[in-house]
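Visitor: In order, the protein sequences belong to chains A and B. Read left to right, the first sequence gives residues 1 to 92 (this note's numbering). Read left to right, the second sequence gives residues 1001 to 1968 (this note's numbering).
Check the hints yourself; a few may be wrong.
[Claimed, not checked] Only pairs whose alpha carbons sit at most 30 Å apart, straight line, appear in this in silico DSS-like list of lysine-lysine:
no. : chain 1 : residue 1 : chain 2 : residue 2
1   : A       : Lys48     : B       : Lys1267
2   : B       : Lys1430   : A       : Lys48
3   : A       : Lys48     : B       : Lys1557
4   : A       : Lys48     : B       : Lys1413
5   : B       : Lys1594   : B       : Lys1583
Read the hints as simulated data drawn from the structure, not as lab findings.
The residues making up each chain are set out below.
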Amino acid sequence: MMQLQCPFCGYRPENEFDCGGTTAIARPPIDCSDEVWGDYLFFRVNPKGLHAERWRHTFGCGQWFNVVRDTVTHEVSAVYRITESRPRALDP
Amino acid sequence: MSGYRLSAPHGAWIDRSRTLQFDFNGAEVRGFAGDTVASALLAQGIVHVGRSFKLHRPRGVFSCGFEEPTGLVDIGAGRYRTPNTRATDIAAADGMTAKPGNAWPSLAVDLAAMNSKFAALTPAGFYYKTFMWPDWHLFEPAIRRMAGLGVAADGPDPDRYDEVSQQVEVLVIGAGAAGLQAALSAAQSGRQVLLLESGAHSGGWLASQSLQGDASATHRLDDLTRQLAAAGVSLRVNCTALGLYDHQLVVALETVDDVTVRERLWKIRAERIILATGAIERPMLFPDNDRPGVMLASAVERYATHFGVACGKRVVISTACDSGYAVAASLQAAGIELAAIVDYREASAEDAPTGAKVFRGSSIVAVSGSRAINRVGVAANRSGNLQTIDADCIASAGGWTPAVNLYSMAGGKLRWVEDASMFVPGLTLKGIESVGACAGAFELELALDHAGATGRGNAAPAPVGGLGIVPARNTPTPIALAMLGRRPGKIFVDLQNDVCVDDIELAARENYRSVEHLKRYTTMGMATDQGKTSNVNALVLMGELTARTPAEVGTTKFRPPVKPVTLNALAAGRTGERYRPLKRMPGHTWHETKGGLFEEFGGWLRPAAYCKNHEEIIPAAEREALHVRTHVGIFEGSPLGKIEIYGPDAAAFLDLMYVGSMSTLAIGQARYGLLLREDGVIFDDGIVARLGEQHFWVNTTSGGVDRVALAFEEWQQCEYINHRVLITPVTSSWGNVTVSGPKAWKLLAAAGFDESLAPTNMKHMTVRELAYGGAKVRVMRASFSGELGYEINLPAPYTQSLLERLGEVGCEFEAKPYGIEALMVLRTEKGFLHLGADTDGTTLPGDVGMDRGIAKKAANFVGRRSLLRPAALDADRMQLVGLLPVDRTSRLPTGAHIVTKQPPAPIDGFVTSSAYSAVLGMPVALAMLKRGFARIGEVITLFHLGRTLRAEVVKTPFFDPKGERLEG
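Bound conformation, chain B alone (with noise of 0.2 Å):
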């Protein structure tokens, strides 16, 4: 029990006036509205939060922001968890729960932590060398169980999300000083302006600057603050940029409510961009390191000042830079026990606050204590001089990081500023501009003369420097670990993923050389916080270990997003059936009446069947086949694609898309068509019909018309653009009915279809426009089950009530509907295609008959000359042909392989469709079959699944070849 609370006036952030309360692994902790779960945790002494990834060593807290490494969390229960989430970027709530993520089967007792006892035993590597062999899949369930952190939500989020798109001219992401000042000026210059901040706070490290002597930091600030308002710039809080994509697109997540809505995604696209992201402080390494109390100093500071919150009874600070002594007088200001300062460097440009006790030239090489730190050993990098000091926080500051991951998203390039030990932007980018600390700018007087310029729009380059000088190595020399008389701790680099110096070490002696390789090999870098404190000590040393300088080393590639974001933020809503909503068909009702048992058949909901009490799709569908062969049978078409063509070339535009001629088509006659790729694949088919001298009537294939519309206009936009065409899709303006089967006629007749229809008075494959019922229909004579059909096409809103009418009046004639499974049936008897079953990526239209009259036609239609090309002429090519079962009785399964000898061997053919017959009283299927069409009568071997079976080779259609029935 370390940490404490502050009293007043330190915690700008809190309200001390609204208490609450909330859970974490069994404790009740106490905050004030304005916590965050980590700064509640810290003000109630708890430093011991979480166990490591890898060695389950004790972590805590260990950053005030999103870099955090260690403080990671499940929050929430149930559905609603979100797990490793940072416990230092979730504001405090009354009431919620909060787990450590990877303790089993406790936060004090871990069974795992023997890991760490045998840390030697696991470097770097050490799953790739080891679980080799025989194969890794036998011991990667207990390695994962192991490894990982927390643990995932127990069902659908029941949260809601949303996501908003914005335009904005100028976007500043940062709110600290160089941000405010930037989008003051960009506002006061007249540009419409938007500020994002990732915390719930503008002010950044200036706002932490606050318990100094002098109060100019504060008042600085407020003034900021109080212009910003006045120009007008809309400051957007909690809401951090995650991705910078082309064109100037940012991605950022605002954190919003439990109540509303609990994430909102933004889509920002700006005119121009300027990044104020400030720095995340790079720590220091010294031997364990890792322990709970081991902090950023800058989060030591903000805790202090933000929350009231003071991280420990007497805090040691380690330093490399300058700002080191900075934390030093905040702590001071805020009655915080400084027990020293331990300087790396021999000299520091700042002065100690008064009475601080100062070791230059030092470093700290031990750390005592597993679960909160209570000593920690000092030695002289030069002489080695051992001394002991009584602490229990170690505030880290080794230098800073620019947060340069959106610039370098947007293709901007690293520079290596020595003197800082720092990567700064090193090229400008077109619309986007660094200011402040990102930019490597820390003197604030500068800083903000080159924000207030940016804003302004008098771009120059940033005045980089302020720091100080800061070392790149910060460890620990060999003479000071020697003076320790033991061997050392570990140093960690990545506290996350518990990369320690020797992992680097080891990785430089196996000749990893590559940033990206040293990253993957150790997993340095990687995991949620992406190494935002670790990856320039990582580069460091390894420029060290080969030579080289961090410059040379580089970076790996800064990816979104910037920090991790719930799926269900960038899903936005769009899940279950908002993610891809289903069509369902004007007449749903009346099948729903009927008993249809529904499924979706290419985005719409359909009835695969009617099935009478416990009846299974399959048998159900064999009845319905027979009833339409017998009787006749009501069947609802509204998918059927369906295009309307007008114009004065509509009749040459369609003979240029089709395989067959529709020029030739007589006004009120129709005929079926094949549309090819232009590679001379088959990409759809249908019925066209025409209506007019300039107006045709386009069926396509109901999961096909959307890519129809657009291939005719693509070739009516692209390549025949002098004709005179308008393409226009009507599906769902269109209801239809199809009635199929001997008595279909009587059926209409009896409910009341004009005489005209009859099919003594209209052929088949021609159609008729008239009116029935107050509405204009279209009737056409046509047939997918090779009986006397009718498809009734009328607007989408009458459909219901034909249906109605149909079933009442159908009772006398015992007209019952059929589903898509009984269609098949139908269908596969007739032996007519159906595209995407009987058809694939290759099928051509003289593999499935279909190419007579190409040669007499005039129009160069699309994929005609690809028909011409050797592979297409190719004699081997597969045909579609029937296949009998020779025992007739056995079915022959879809997909069953057609071999010649025994498998595995190159295959002959395969089924593409297959139904029982129930007319034919037996199984009949189509397949795909090399050479088929010469092979009629030949008794083939299929196989399927370890199973053997023969079938007869024979032509199609199987039922009515002659077409009798066609007439009713």
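Chain A with its partners taken away, still in its complex shape (with noise of 0.2 Å):
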């Protein structure tokens, strides 16, 4: 079980939290093709190293933030809060 750290209440154990999969993926327009449409839908990328995705602080503060995961160490390089950018250093 990892340890997570939400920006608002502190490092707290993985049960107290939910992941959202991949963060700041943009909404696409209601006129967007059926192709772009079913992208953001269903399609993600499951890379091998670093990731970013978002998180829910569920049985804490409930608050969604940003967090960037080694996917094979679990090392977390960076935690943000969901209005942020990814720091330019940990770009893909």
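Two chains, two separate frames, one set of hints: put the complex together.
Guide: What follows is the structure in structure tokens.
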């Protein structure tokens, strides 16, 4: 079980959180093509290595935030608020 | 009868002033406080304690720790029984009962021992190869009876268990010399330290050296222990680390006592973890090496020093490692007769103790006696020269296997050390270090220096070494075996699973190369001991047979738990209602007095119906539903999901959430709405009422409120971040009492509700806030039954008294409670959607006729774009329709398939809801049917469990299609 750092509550065990998958996926407009909408709904990258994802501190403050996590080692290299951008140094 | 109790002072861990007595297989066993079950058995000379898993050969106690492969017993009886637990790992207790796990009908006469006579017929993979035809399941019951070990408990475990989470700076696992030193140094450098010890006492290997001539080991240990207490290290004994998980989380199991809590699960998060888990001795391989009386040499030594038990009257030490000589010295010091040391190697760095007979370059090739040893045959590896020695115990010292389980679970890779024939940690991990024997450091002074430095935070590579030369292979040579002049006995590699050298050879012949495949094919390294004493021997053999080094063969994956754990310890008391507490409605007591039959609906205990004497639920529900149509019914809807939405952008936000528009609601108006997932599938439904310009009251399904509130939050926090909205789930704060039926208003008026609520003054789908009985209530005119209906929302604590009052004044109007089942009948008669019954994970709003007005709506609500995908526009989609049986009498079962030809064939649809409508005098049903809206009037065929039914497709609602009854 991982330990994650909620930006509002600090370090807490993983079972207080829920993972919402890849973060910062832009929602396409209503007039987008079926293909664009299909990509948005169903297709994800699933990288081996760094992954920017969003987590909710469900059994805590209830807030969503972003995490850059290595999917192999679980090492967390950044935690930032939902409205903030991924740190430049960690760009894929 | 070969083992016996040594006189004091031998036996540092037992208290000779406190005797105890327990039952083993009907025999009375006496021991002392501090004994394990195994040490007490050995002291009484009981060496045969069980039968093996597959061949049912007699087996005895093999080790002195949780690595035990054979000394498995069932402890306790009835509901208290714990099967297959290790006699070496369980403290003996006065009055306990212990039974051998796998012996039928008795230990001495085991009928299944015939298996061992046919051992040649049951090699590895025997079951896979033999019982394939015609079907494994034919043979399975008999084989399962024959195989297997202990017997499970007879019922729920009455013992208590708990769980504690803990955060520490430094966690040291293992309180042997290295662990003690590391913990001490860490504490002295100002860190908060927790030290776990699996056994009852600290000291590890060092504690077992106290018998030898100089007392330095004892002094050293005493000194360390004293300093440790002064430095403030907390030591937790009888606590085994079971697993190491992500981000330095260790789960450990503490055996507490049988009075307060039997076992406690610790979840410990540490900034740094120092592993000091020691090493497990590796046994020698020789024919009949499974006989009771063959034991690990370190175990023989520990039974003498810790428990004052001699495991035999004449002990032969079979060794391939210098550590065998130290054991010889300990045994001599304890006054135990040493028959001989049989060293596999030609030379040793150690000197044999004075007077000990040493056979160098020799192996044991024969063991006489089946339930106890009496003689041992020794042959020289080169010449084959054969001699016989009288002995009743063989102490086996084939080298050491560092306990790298936890290191490996943390993602560590192993390195093979050629001269000592062992795997050691091969790379450093963040925040996790290994010290002492588990790091491969066996030279005491060097290991302590390294442990001390590591404890202080100056990690350096471990000083691997200190065992001398240990050959990887230690089986007797063919020349030595040939001297027997007969077929040698079986050489067991894995004692627990009866895996022999032959089986590994067979696997190699059949081209099993991966160690993981070898494990599964032969069962080597499986079950309760997970091959702790057998894996390295098996890998070495496999390597030789396939011309690879052990490093190339590799190890199987180490997985938690390090030792078996009871399921109840993991559950930690979260069983029964504590596993998932049931929610009770605020009016629960009232329903009890009315004879409500409670069932669980979405985690809530709710009355399914109020059955009169011996009435079944279904007839009761039909009666209650009819009563609502003719009189008035009282229903508690408190679990109904309730969310308050506040804020300047509340209306705009709800327009983005719902299929329908909520911004057009006037204050005091309410509207039914559908919620979709982003893929367009219906996700929840309910009524939204506007209480103020910036305040909405959202009702959801009873089971869906948590996920709806979470979805609103997610959209608000992650997508519509500029919408100023506050989302507050308030379900349990509000009670909900629903009154339905033609006399609903009469009942409320009699109960003193304000005239402004009368149907003439208050329209359907409107809401009023007013005071009633001292509480602020929200009354909504809404109906899930099609009758005049009022939903009275009030502070939860007032629910019970309102129900009582309505019940009292309701006598005059024959007001009666109705349950969930009656509600389902009423809504089915009206064709109202029940989420999760009529919809599934594919249902779109258009499928249930609820896509009207979407085109005119401006907001890009959740799921909207998905309704334009080709799959959503497919003309063949299933649609919700009504069904009436052609004969107007047969109930159409829920789940019945609508077919066009004799099954098996693709289906056209299925029944989603079904009820007998008393008011209509016939059964009615709802169904999802392909192109259903266009098929009204068609007669279709239903197929259910071999039965065929015919039904007519009709429009809903079945009852009161014009909705006139809403006005009472």
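Visitor: Each hint: holds or not?
Guide: Quick rundown of the hints versus the structure:
| no. | hint | verdict |
| --- | --- | --- |
| 1 | A:Lys48 - B:Lys1267 | 29 Å, holds |
| 2 | B:Lys1430 - A:Lys48 | 20 Å, holds |
| 3 | A:Lys48 - B:Lys1557 | 21 Å, holds |
| 4 | A:Lys48 - B:Lys1413 | 20 Å, holds |
| 5 | B:Lys1594 - B:Lys1583 | 19 Å, holds |
Hint compliance for this structure: no hint is broken.
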